[in-house]
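Trainee: Assemble the complex: chain R is given as a structure, and chain D must be docked to it using the hints.
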Amino acid sequence: MFELIRANKRRSVLLIAAFVGIAVVIGAVAGWLAGFGWIGVVLGLVISGAVAFASYWKADKIALAVSRARLADPDEYRRLHNLVEGLCIAGGLPKPAVYVVDDPAPNAFATGRNPKHAAIAVTTGLLEKLNRVELEGVIAHELSHIRNYDILVSTLAVTLVGSIAITTDIAIRMMWWNGGRERRDGDHDNGTNPLAYLGFALLILAPIIAKAMQATISRRRETLADVSACQLTRYPPGLISALEKLRDDKTVTHSASTATAHLWIEQPMSGVGDEGRLGSIHKLFDTHPPLDERISLLREL
Amino acid sequence: MTVALIVIAVVVVLLIVYLIAVYNGLIRRRNQIENAWSQIDVQLKRRLDLIPNLVETVKGYAAHERETLDAVIKARNSAIAAPDTPQAQGQADAALTASLRQVFALSEAYPDLKANQNFLALQEELTATEGRVAYARQFYNDSVLDYNNKIQAFPGNVVAGRMKFEAREYFEADEAARTVPTVEF
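Residue numbers (the working numbering), protein chains in the order written: chain R, 245 to 545; chain D, 2 to 186.
Pulled out of the complex, with its shape left as it was, chain R reads as follows (with noise of 0.2 Å):
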């Protein structure tokens, strides 16, 4: 357990190092291109420093705004609570606080930077739909992502991935806006958008960056929480009876976003209704196994 919290902590100093090179280099790119030098350099280091900074800090309020998580009134969801409170005794964790997502499909996921800074939210579909022992397993599933660290890494990616899709978009945009076409009246000396360029190599380099993210917030990370669900539980049949349940509900999670998609307990069919260039983009962050495979894992226990 201690190797993986070392590892987490790794993954994502790695994480926001490579954003901030990749902001750097794009800087650098555009600063030479569109003929302001270094400034792009320095413009890309503050700003993906910055970004950097406050998705520390504030990525998971982010991402629970995000999701339109609201917390749990401790009154009316007092079960909701309790099974909380009882499973962070059993780990040794601080109480995370609670959410709850206004959203027909059951669906869960945590998010925060540390134990102490934590949150755990889950859809109200989650809660009508599974029992008692089922929530259990599922709540155990998301404390066990709290106790390896694994939120601190997936939510730095909700925001520093949710960027880089934003400046490649921005990128792809400028590209049509004056992408090597002939000089009309009004134009400056230059007939094409040298940054246009910019915008073919992040087109290549965007699914590439994409993919890199997806190793560092890998699928394994699923199957292990589910594992360390049923050590905190010690009753593996809960959390395989709340993953069948989730399978067989096909209620789309439409709180769920692309760059909150791998924070969920269960993929939430992202690219539905998101077609085109990005689509297939979006298809590469397919971060969970499928959960006939994490169910077979399970009974083996």
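For the record, the hints were derived by calculation from the structure and aren't laboratory data. For every residue, glycine included, the Cβ atom is placed at its ideal position computed from N, Cα and C. Treat the hints loosely; a few may be bogus.
One-sided and incomplete, this derived list gives chain D residues near chain R with beta-carbon spacing under 10 Å [to be verified]:
1) Q40
2) Q88
3) T128
4) T130
5) A137
6) F140
Mentor: Chain D alone, transformed into the frame defined by chain R:
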């Protein structure tokens, strides 16, 4: 000559730093066990505090089920009086669990009671607390396992032997407590 001295000094300092780290690790684990043990007490007490409420609520609906209610009160009193050893507390706790099961079974015969919000809340609270007691014990045992491993394996054993770190005992449920009550929801 001086080089050799410096090398030796560095090695010695590193060794001391390392031993301090090992020692602190053992202290941290031992404290975790203490914390885990008191957590069990906290949850057991919480459970005892909930019972008078439950008895009062049930009385309103099933006053003539005196026997069942008296059994709960008796079990609670003996749990309070039980000496502070894992063995005695475990037994008292198991008896209490059994008598509570009787009370919850009562609700089947009294639909009004079963629909009472207060009763349902208490039932949830007691079920949750029972779970918490079990989890607290599990955490205690996990902590003991971790600690015992550390003081028996190298390099912990070197420090533990000299600093009087002794292996702790696990909490073991007796047969009555081992059978988990099945509660329908």
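Trainee: A separate judgement is required for each hint: does it hold in the structure or not?
Mentor: The hints, checked one at a time:
Restraint check, Q40 (chain D) versus chain R: the minimum CB separation of about 6 Å is within 10 Å; hint holds. Using the Cβ-Cβ criterion of 10 Å, the hint placing Q88 (chain D) at the interface with chain R is not satisfied: the shortest such distance is roughly 22 Å. Taking 10 Å as the C-beta cut-off, the interface hint given for T128 (chain D) holds, the closest approach to chain R being about 8 Å. With a cut of 10 Å, the hint placing T130 (chain D) at the interface with chain R holds, because the nearest CB-to-CB distance is about 8 Å.
The beta carbon of A137 (chain D) is positioned within 10 Å of a beta carbon in chain R (closest approach about 5 Å), and the interface hint is therefore held. At its closest, the beta carbon of F140 (chain D) sits 5 Å from a beta carbon of chain R; the interface hint therefore holds under the 10 Å criterion.
Violated hint: 2 only; the structure is consistent with all others.
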